[in-house]
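Kindly produce the complete structure, drawing on both the sequences and the hints.
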Amino acid sequence: MPSDEELLSGFLKGDHVAFDELMTRHEDRIFGLCLRMLGSREDALDATQDTFLTVYRKGRQYSGRSKFSTWLYRVAVNTCHDHLRKRKRHQAIPIQEGSDLPDSSVGDQFDSVEVRPDILTALSSIPEEFRSAVVFVDIDGLALEEVAGILGVPIGTVKSRTYRGRRLLAELLGNFRSTSEHQRDEDHA
Amino acid sequence: MHEHDIDRIAAVAEHRLSGQDLAVALAEIDACQECSRSLEAQRTAIAFLQQAPPATLTSIERARLHRAIRPAPTRSRWAKLAPVFAAAAAFVVVAGVVLSHGGTTGAFLPTGKSLENSQAFETAGGARAPAEASSTTAAPATTTMPSSDAMLSSPAPLLARQADELRDNPPAEATTLCQDEARDRLDEDPITASEIDYTGTPAVMYVYPKTALIFERESCVFLEEVPADNP
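Protein sequence lines, in the order shown, are assigned to chains P and B. With the numbering used here applied, the first sequence covers 1 to 189. With the numbering used here applied, the second sequence covers 1001 to 1231.
Hints are computed from structural coordinates only; laboratory data are not their basis. Be careful, since some hints might not be right.
[Said to hold, decoys possible] List time: in silico DMTMM-like cross-link candidates among lysine to aspartate or glutamate, alpha-carbon distance up to 25 Å:
hint	chain 1	residue 1	chain 2	residue 2
1	P	K88	B	E1034
2	P	K159	B	E1034
3	P	K88	B	D1187
4	P	K58	P	E6
5	P	K86	B	D1189
6	P	K86	B	D1184
7	P	K86	B	E1034
8	P	K86	B	E1225
9	P	K86	B	E1188
10	P	K58	P	D4
11	P	K88	B	D1005
[Unchecked claim] Which residues of chain P face chain B? A partial, calculated answer using Cβ under 8 Å:
hint	residue
12	M23
13	E27
14	D28
15	F31
16	G32
17	T48
18	Y62
19	D138
20	V153
21	I155
22	K159
23	L173
The C-beta atom is built at its ideal place from N, Cα and C for all residues, glycine as well.
Okay, here's the thing in structure tokens:
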């Protein structure tokens, strides 16, 4: 089976089937990344399309210094950041419940599924740079070195962003539980 | 908390330590209340994130993605000459009809529409070109390509000319299809918007003073931007 780099090379020589194969290999992973970064399927599909269009048009800019998948992820992350910037320009993002993180008692764990926010909502509540780090490390399971290469930051920064991102998520989950429990108490009263 | 503590807590939460190393790390963390809370937070978040269901494209989304990206099909030399033959054939037919009517009327001059379904354009680079040149006929409100001469050139000048015509003579009722996508691309009120035929694919053109944006009608996928020649 040809490697990603061989397929890209074939595409740059005019083999469009090679490009289709590259897309087929990576489109689900890129879509998953975009979905978790952007929070909506429609936006994620647009960003996935823009990512592959960039590869189609600028494939020659791939230098070969990193794996093709690392470069592709980097293009996708940048595309997602671009979409988020555009979204911020066009609309004010509503402040989500718990986004000000008032509850720091992270040891107070949620204990039932129904009080949890969904993952996309939770991810959208943390800063973008933390979001990309936890998505790559904890959902995609990429190695810290690879994430550092994708994000263009030192490994220590990836560790720190992942750690802080997780902490914010945990605080958010604790806060969701507190709010839900508070509501339940009121209902019983 | 020090960087050293953060590394250690993360290592424990991610199950990267075992044996004696794990025992030592846990003892240190247990001795520090803040460290214990942080470890619990890390574990909570990791467990939550690992429940994330796999995100995959649906078959419709996958088809839409490939349709938007797939390069224009390469055509053989004969296929490339097909529009020339078609134009020549049309000329012969029209000339015959005009001559048979005494050559006194211009009512039988060919229009771009007559060729519209017989050829597809290739865009420069082809990246935004639709996959196949379908034989889809434009809706009645769709504006037609300007002329048969122009049909033989690349689509960009044609589209620019079409945008100019819409700027000069906007239709009474503009379409609202893809208006959100247009707004996302350009935060500006368009002069008008009209359904067009884009290399055989139904599309929508949003016309602005300095540019025009084209979207696929069905999916609202962005196809091309056509800057105005003389904004």
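These are the hints, each one checked on the structure:
1. P:K88 with B:E1034: 36 Å, violated
2. P:K159 with B:E1034: 19 Å, holds
3. P:K88 with B:D1187: Distance ~12 Å between P:K88 and B:D1187 Cα, so the pair holds.
4. P:K58 with P:E6: Satisfied, since the Cα-Cα distance of roughly 16 Å is no more than 25 Å.
5. P:K86 with B:D1189: Holds. P:K86 to B:D1189 sits at ~17 Å (cutoff 25 Å).
6. P:K86 with B:D1184: 7 Å, holds
7. P:K86 with B:E1034: 39 Å, violated
8. P:K86 with B:E1225: Measuring from Cα to Cα gives roughly 17 Å; hence the hint holds.
9. P:K86 with B:E1188: 14 Å, holds
10. P:K58 with P:D4: Cα-Cα ~15 Å, so holds.
11. P:K88 with B:D1005: 36 Å, violated
12. M23: Status holds, d = 7 Å.
13. E27: 6 Å, holds
14. D28: The hint holds - P:D28 has a Cβ within 8 Å of chain B, the shortest such distance being about 5 Å.
15. F31: Check passed: Cβ of P:F31 comes within 5 Å of chain B, closer than 8 Å.
16. G32: 4 Å, holds
17. T48: Interface hint status for P:T48: holds (6 Å vs cutoff 8 Å).
18. Y62: Given a least distance of 16 Å, the restraint on P:Y62 is violated.
19. D138: 4 Å, holds
20. V153: With a minimum Cβ separation of about 15 Å from chain B (threshold 8 Å), the hint on P:V153 is violated.
21. I155: 11 Å, violated
22. K159: Result: holds, 6 Å to nearest chain B Cβ.
23. L173: 6 Å, holds
This entry does not satisfy hints 1, 7, 11, 18, 20, 21, going by the numbered hints stated previously.
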